[in-house]
Amino acid sequence: MSQTVAAEGHPKDDEVEGGKTLNYWNAKKGILSWLLTVDHKRIGIMYLFSVLTAFLAGGIFALLLRLKLLTGHDNLVTAPQYNKLFTLHGAMMVFLFIIPAIPGSIANFMLPIMLGAKDVAFPKLNLMSLYVYWTGALMALVAIVFGQIDTGWTFYTPYSASGSGPVILMTLAVFILGFSSILTGLNFIVTIHKMRAPGMTWYRLPLFLWATYATSLVQVLATPVLAITLLLLALESGFSVGIFDPKLGGDPVLFQHFFWFYSHPAVYIMILPGMGIMSELIAVHARRKLFGYKAVAFSSIGIALIGFLVWGHHMFISGQSEIATTVFSFLTFLVAIPSGIKVFNWVATLWGGSIAFTTPMLYALSFLFLFTIGGLTGVYLGMLNVDIHLTDTYFVVAHFHYVMMGGTVMAFVGGLHHWWPKMTGRMYNERLGAIGCALVFIGFNMTFFTQFILGSRGMPRRYYNYLDQFQPLHAFSTYGSWVIGLGFFLTLGYLLHSLKYGAKAPRNPWGGKSLEWLTESPPITENFHDTPVVTSGPYDFMGDEHGITPALQHHPKDDPSHTPAYDPGHHDPAAKTEEKS
Amino acid sequence: MNEHGHIELSTFWLPRQSSTIAHQVDFAWNVVTLVSIFFFVLVVGAMLIFVWRYRRRTEHDITSTVEHNFRLEVAWTILPLAICIGLFVVGFRGYVNASVPPGDALEIKVVATQWAWDFIYPNGTKSRNEFRMPAGRPVKVIMSAADTPKSDTEVRPAVIHSFFIPEFRVKQDVVPGLYTTLWFTAPEPLDTILLCTEYCGDNHSKMSASVKVMENAAFNEWMENGGDDAKGMPPAEHGLKLYSKYGCNACHTIDGSPRQAPSFKGLFGRKEAFNDGSEIAAVDENYIRESILNPTAKVVKGYQGIMPMFKGVVTDKEVDDLIAFIKTLK
Amino acid sequence: MTEAAADAHDGHGQDDIHGHGDDHHGGPDHHPHVLPYKTYFLVWSALLVLTVVTVGVSYVDFGGANLVIALVVATIKASLVGAIFMHLKYETKFYTVVFVSSLVFVSIFIGITGLDYLQRGRADHVRHDRVMNMLHPFDPAPPKAAPKPAAHHHE
Amino acid sequence: MSADAHAASPAVDDEGRPLSPQYHVAHHFDNADHQFQANKLGIWLFLAQEIMFFSGLFCAFILFRAKYYDAFVEAHHHLDKVMGGINTIVLICSSLTMALGVRAAQTNKRKLGVAMLVMTFLFAATFLVIKYFEYHHKFHDGLLPGRHFTAEGFVHPEANIFFGIYFVMTGVHGVHVIVGMALILWITVKMYRGRFSSRYYAPVEGVGLYWHLVDLIWIYLFPLLYLIG
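Protein chains in written order, with numbering that gives the first Met the number 0: chain A, 0 to 580; chain B, 0 to 329; chain C, 0 to 154; chain D, 0 to 228.
Read the hints as simulated data drawn from the structure, not as lab findings. Fair warning: there could be bad hints in the mix.
The list that follows gives simulated cross-link-like pairs (lysine-lysine, DSBU-like), each with its CA atoms no further than 30 Å apart [stated by the list, open to error]:
| id | chain 1 | residue 1 | chain 2 | residue 2 |
| --- | --- | --- | --- | --- |
| 1 | D | Lys189 | B | Lys108 |
| 2 | A | Lys123 | D | Lys189 |
| 3 | D | Lys189 | C | Lys37 |
| 4 | A | Lys27 | A | Lys123 |
| 5 | C | Lys37 | D | Lys108 |
| 6 | C | Lys88 | D | Lys39 |
| 7 | D | Lys66 | A | Lys123 |
| 8 | C | Lys88 | D | Lys110 |
I would like the entire structure built from these sequences, with the hints used as guidance.
Okay, here's the thing in structure tokens:
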């Protein structure tokens with residue numbers, strides 16, 4: 000009855016030391032045991048640390064930018080410094096934070112556990128992609144410190160090609176970061192195909208894994224194009240091979256095609272994992288079977304695939320042909336549908352649920368609110384003639400911040416709270432969590448909704464000096480940025496505090512049903528005492544008290560005699576009696 | 000801040016409708032805004048109601064196991080799809096109108112450099128950072144980006160700019176090696192501003208031009224006079240005009256505060272040291288003339304030689320007037 | 000059981016207790032699928048013949064068809080290598096799916112980019128040929144000795 | 000283990016002791032077959048990634064060819080069909096030997112396997128040598144990318160774009176050949192030391208697939224660049 004043992008989770012002898020169970024955190028000691036580990040959980044934690052550092056740096060750049068924009072006159076920094084700042088903010092947030100954030104940290108940690116596997120398919124490759132990421136980050140850092148990189152994160156030629164050394168270094172850094180992303184995606188696809196536990200059918204995958212799968216597909220198929228693009232750019236600025244150089248008959252617009260063929264799918268690399276986390280948060284914290292599982296699952300794949308067809312909507316005014324522009328506009332409207340389906344299904348999942356206002360749920364609700372605005376303003380930009388007025392203005396800036404920050408970052412932080420007890424074995428302070436979320440939510444709307452107004456009134460992006468008439472709105476936006484900053488610093492504070500002083504986390508604080516809630520908090524190195532056998536879906540909240548994890552009805556201390564989620568014991572008389580008691 | 004003008008607003012959201020296509024854009028804007036409000040209220044409203052109605056009461060709450068509803072799911076797939084296609088059509092029709100200029104449009108050539116707009120009118124008249132056009136007559140601009148001369152032998156390679164007149168609702172990238180076009184008709188005489196919306200380097204945010212829509216007759220007269228409207232203007236005053244016309248103000252302040260270049264305040268007669276080690280005891284007419292026509296010859300210590308060459312751009316008279324203007328800045 | 004079939008099977012959400020998701024070739028040990036030498040040498044000689052053919056036809060000018068012919072021959076060769084040397088013919092179909100899907104994305108990439116590239120300036124006829132004079136885009140091309148570009152605007 | 004009967008001469012460790020079917024099976028895999036299948040899927044995804052990597056270059060080639068057709072036709076006459084053709088044949092042969100090398104691993108024919116891999120390596124080296132002479136010739140004639148294009152007597156100035164693409168494409172492909180040679184060297188040594196058998200030969204299979212892809216890409220490069228221009 001090994002399954003029962005697994006379910007009840009009696010640790011084996013070799014997993015106990017001095018009375019207390021060994022977990023991935025305390026099993027090995029010393030810095031080397033981290034740097035040389037192949038344990039996906041430890042790698043995930045190191046990724047988490049890295050991306051949060053990048054987020055902090057990028058955030059500080061953002062605060063500086065907003066501070067300068069308090070007025071449209073020369074202040075705080077010079078124009079060249081300002082141009083450098085927004086380039087760094089963009090490049091860091093995109094390449095060092097958002098793209099690796101969820102796949103690298105949360106997915107890396109959770110994916111094998113949710114599958115019921117011991118590790119990802121290629122643990123060494125997993126560690127390698129972390130080191131590749133670090134290498135790229137280091138090169139980017141060098142380029143930033145020693146270089147005048149003011150091209151914006153899009154590296155448009157010919158402006159970027161006229162830049163020398165530092166720009167080449169920066170492009171190579173991003174080139175390397177791209178390979179880290181490719182390796183991670185490849186690893187996850189193979190893991191999801193090959194490492195699923197017995198009984199873990201495709202339709203029993205938690206939707207977070209469907210989203211991760213879709214993301215990985217995009218990472219593997221789109222990122223190489225970025226690689227070759229940046230390689231060509233480096234060759235262009237190094238040896239002027241001429242492919243993008245108008246003087247020699249090359250074509251700058253071709254660079255934009257190359258760049259956006261990756262970078263538009265890349266925005267789905269950024270948002271899809273966030274959507275996946277949303278499905279988990281909503282279902283678990285509403286304790287309700289997710290509405291339209293298959294629709295949500297396949298809309299992820301749909302978004303990933305259609306996402307490859309719409310890159311040209313970044314180029315409506317770039318000088319590309321009117322026919323291409325029209326086609327791209329039409330396809331762009333198609334990609335809106337699957338995102339809409341997801342949103343409707345999430346709302347429908349709230350119907351008839353039992354909604355707890357936990358911090359993760361608050362972030363999920365904020366996501367719904369902000370992502371809806373982000374998505375709808377995307378429709379404005381899909382409309383040909385409206386886009387012509389709005390593109391390259393603050394309207395676009397606001398739009399992608401609503402999607403990327405209101406979407407991905409909200410989901411990321413929400414997911415972080417959701418799985419924090421599992422990752423660290425500690426509970427954080429719920430009240431502070433709620434306050435932090437509220438501050439971020441309010442500050443975010445102050446900062447970026449204002450920018451919709453600025454944009455539609457004609458305020459161009461990437462401006463150091465701006466027309467005086469825009470000053471009041473800019474100032475308001477800046478005040479908002481301070482509120483966001485406050486919210487995030489508070490969050491950082493209580494999360495770090497919880498590491499030492501937080502209450503011990505039970506196995507299943509939220510009453511979740513997917514496999515990760517079956518393991519210890521934090522999990523043991525091998526994730527499960529015995530390979531679990533899956534007999535039910537990830538969101539099978541029965542709708543009766545069986546649906547609620549016993550652990551929750553008792554004191555929050557972990558109690559192995561209770562059979563948490565994913566109860567294989569349903570077929571097992573022994574476990575039945577367990578439940579009755 | 001910007002001497003080239005500002006943007007008049009018509010509604011809370013959008014600028015004044017100063018071109019004939021503006022109302023089409025605003026119509027599309029209003030349509031999509033209505034759609035957006037509808038869906039936003041639908042989603043967020045439902046969310047809030049459910050969140051309150053189904054808030055957790057006990058740990059034993061019994062939750063729904065309904066996991067799909069075919070009619071509902073088809074509805075919220077087909078309906079948005081239909082609406083989206085409708086929106087596409089609205090946007091597309093406006094776009095077609097904005098793309099195909101009438102045959103009789105007045106052709107004005109636009110050359111964008113770092114960081115100035117040059118306009119070449121049919122009779123060869125040129126103007127810089129000042130876009131003049133006749134009212135009530137379709138105008139077609141043919142644009143391209145050009146190298147910026149630094150000296151007789153050196154250029155700064157051309158980069159991408161973007162031609163944006165918010166009140167006209169028109170925008171188009173200006174790409175090196177490519178000719179791109181736009182057309183628009185401004186029914187009424189008015190003043191507004193043209194902005195660069197594609198990041199083009201240090202002074203991107205200063206790369207604007209005033210837009211002057213004139214009565215047809217006045218425009219033709221102005222064009223015939225070779226764009227010279229400085230007749231009888233005192234030199235120093237004309238110099239002030241040129242100071243902003245040629246975008247000197249992007250780098251040279253007149254209040255003493257240094258930007259990417261030395262301020263003009265007290266420049267005349269000042270002692271300056273140069274990057275090549277040499278120096279001049281007192282700045283005089285000849286030095287200023289040389290610095291305008293061939294800026295990289297002598298670059299003041301501590302600054303980069305980023306100033307474009309104005310040889311062939313400014314006339315001798317204009318140089319004299321600029322010098323007269325600088326002399327007044329004590 | 001082929002991988003595709005396994006997915007389909009899993010797809011119906013039945014319990015698939017003999018776990019690890021996709022395919023399971025029974026025993027713990029791996030049994031390779033070995034091809035006879037004959038097959039390899041046949042493919043090899045076919046490839047050589049096709050190479051000679053494609054070089055041969057290149058001496059005849061079929062105008063626009065040149066590209067098509069070259070690509071068709073190349074594709075036949077490629078499929079031979081893929082099917083036999085890379086064992087796609089004998090493996091689970093899923094590898095072929097992966098392989099072909101990447102080609103599909105390549106064609107999307109080239110196709111739609113071409114839609115821009117070859118259609119520019121159709122709605123509005125300007126001289127959408129190259130700008131030959133980068134200093135004065137609307138003047139005729141300058142004499143050979145063009146000014147050399149400065150390294151970077153920051154130095 | 001019924002498999003013991005199957006394997007003629009199973010893999011051995013340094014002292015020549017046969018290795019069990021579990022040899023080299025990582026802790027998180029059930030068994031050899033499970034691991035083999037996972038590795039293979041990984042390799043195939045990597046190949047897909049490689050194809051996307053080259054797609055950009057093919058895209059640039061096709062579009063510029065359409066735009067500067069005459070220039071490309073003029074320029075491609077300056078490439079050496081014969082050398083290119085020989086290189087194509089060399090790569091095809093190397094593909095054959097590689098395939099046979101994999102087969103040898105599958106059937107526990109160690110010596111044959113080593114021989115085949117060595118031949119593959121030599122073919123690869125030949126390819127690079129020929130390429131070197133081609134490059135040398137181009138450099139000599141000033142048929143170089145972009146700004147460095149100094150060749151005289153061209154009717155169409157855009158020929159420099161053709162050579163830009165030619166050098167980037169063949170250059171990137173050449174780098175892949177070099178990487179391939181390193182990998183071949185690695186598995187040759189392992190095979191020589193008897194690490195592979197019908198039970199465990201994933202690295203040989205993987206390198207083999209990679210090498211065939213390098214050949215595949217050349218199969219397209221050759222006609223596009225050398226034959227039709």
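Distance restraint between Lys123 of chain A and Lys189 of chain D, which requires alpha-carbon spacing of 30 Å or less:
Cα-Cα ~19 Å, so holds.
Given the hint that Lys189 of chain D pairs with Lys108 of chain B, test it: the Cα-Cα distance must not exceed 30 Å.
violated, 69 Å
What's the verdict on Lys37 of chain C and Lys108 of chain D, does the C-alpha distance respect the 30 Å limit or exceed it?
Holds, because 17 Å separates the two Cα atoms, which is no more than 30 Å.
Take the C-alpha atoms of Lys189 of chain D and Lys37 of chain C, compute the straight-line distance between them, and say whether it is at most 30 Å.
Holds, at about 27 Å.
Below or equal to 30 Å on CA atoms is what counts here, so check Lys88 of chain C against Lys110 of chain D.
OK: Lys88 of chain C and Lys110 of chain D at ~27 Å, within 30 Å.
Is Lys66 of chain D close enough to Lys123 of chain A, meaning Cα to Cα at most 30 Å?
violated, 46 Å
Pairwise hint evaluation, Lys123 of chain A against Lys27 of chain A, where the allowed Cα distance is 30 Å at most
holds, 18 Å
Given the hinted pair Lys88 of chain C and Lys39 of chain D, is their alpha-carbon gap at most 30 Å?
Holds, because 15 Å separates the two Cα atoms, which is no more than 30 Å.
Violated hints, listed in ascending order, are 1, 7; each of the other numbered hints is respected by the structure.
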